[in-house]
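Student: In order, the protein sequence lines correspond to chains A and B. Read in order, the letters of the first sequence correspond to residues 1 to 132 in the numbering used here. Read in order, the letters of the second sequence correspond to residues 1 to 148 in the numbering used here.
These aren't lab readings, by the way, just hints derived from the structure by calculation. Source: prediction; values computed, not measured. It is possible that part of the hints are untrue.
[What the hints assert, rightly or not] Here are some chain B residues pointing at chain A (derived, C-beta under 7 Å):
1. Tyr36
2. Thr40
3. Gly49
4. Ile52
5. Gly54
6. Leu55
7. Gly56
8. Gly90
9. Gly91
10. Trp115
11. Val124
12. Ser125
13. Asp126
14. Asp127
[What the hints assert, rightly or not] Keeping only pairs whose Cα atoms sit at most 27 Å apart, straight-line, the calculated DSS-like set for lysine-lysine is:
15. A:Lys60 with B:Lys118
16. A:Lys69 with B:Lys143
17. A:Lys23 with A:Lys69
18. A:Lys23 with A:Lys125
19. B:Lys102 with A:Lys28
20. A:Lys23 with B:Lys143
21. A:Lys23 with A:Lys60
[What the hints assert, rightly or not] Here are some chain A residues pointing at chain B (derived, C-beta under 10 Å):
22. Ser38
23. Tyr44
24. Ser97
25. Ile100
Ideal placement from N, C-alpha and C gives every residue a C-beta, glycine not left out.
So you can see what is in the structure, the chains are spelled out below.
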Amino acid sequence: MPPTKDDPSVGAGDTVLRVLHSKWVTMKGGRERPTTDSLMDSNYENSCFIEGEISLEELKALPMFDGRKIARIPVRLLRAEGFWLERRPEEAPQNCSNPIAHLVCGPPDAPMRGIYEAKARRIVKSVEIEII
Amino acid sequence: MFISNSSLDAATMTSWPISAPQITTTANLNGSPWFYSALTQVRDIERSGELIPGLGDLRIAEQTAMRARMVLSSIEIENLPSPVISPVSGGGLSITWSLGLKEVKFFLDPAGETWFFKVEDDEVSDDGAIEVLVPNRVTDPLKWMLDS
């Protein structure tokens, strides 16, 4: 279900890490970026991790994320499109050293697909997003 | 009964304007590379889908996979590029064709809805819910993409 609150402990200057399925990466205008599918969970709950509360190295070392690309997304970009960020430690992967770093982000009002796609597209197109 | 070659030609040949995309009048796509590639991708997603905590639920329901095959089978265009078919977390599936600056994406919601998106220069120019079984609803956006 969509986030029920926008956690104030996640700062505007923070960045989140979104682990990507292999099909969620594309080349546009000579730049590699996530696809909109990476931010369009059908239940409006896209899993991410707060960078700094868990290290990139640890994420990459988790067996289920082995070899996967990761997008670094400024929280500011998500909030600018009305996405809320809600911590969900209970949904963090097993063996994660700091489950509280796990959150879901998405629009709280569960908009129609067209609006959801447009929001996700504006986010993923930002040159501030880095694929690692 | 004798049928002359010219009669056969008239009966079997379809004429197309040179500039128009070649669109078949029947959905006989068995020989189309894009169709084979698409079906293979759907099957792979069906087989490999899993719940990955911290990434998403990449499993798709059998009904969603069947709807994807219906979408693909309803397309009466042979010369398409191969689509990229991707799982969408939460049980969804997307089918995306790209050609130059144009893109057509179909999103299959796990609840049973199907959406199309026309994208031009990385901006959505048109979108809406579609009824997969209504003729041309799937093919029309793709004709738009092929129309240069």
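Student: Hint by hint, where does the structure go against what was stated? Just the numbers, ascending.
Tutor: Failing hints, ascending: 1, 2, 3, 12, 13, 15, 16, 24, 25.
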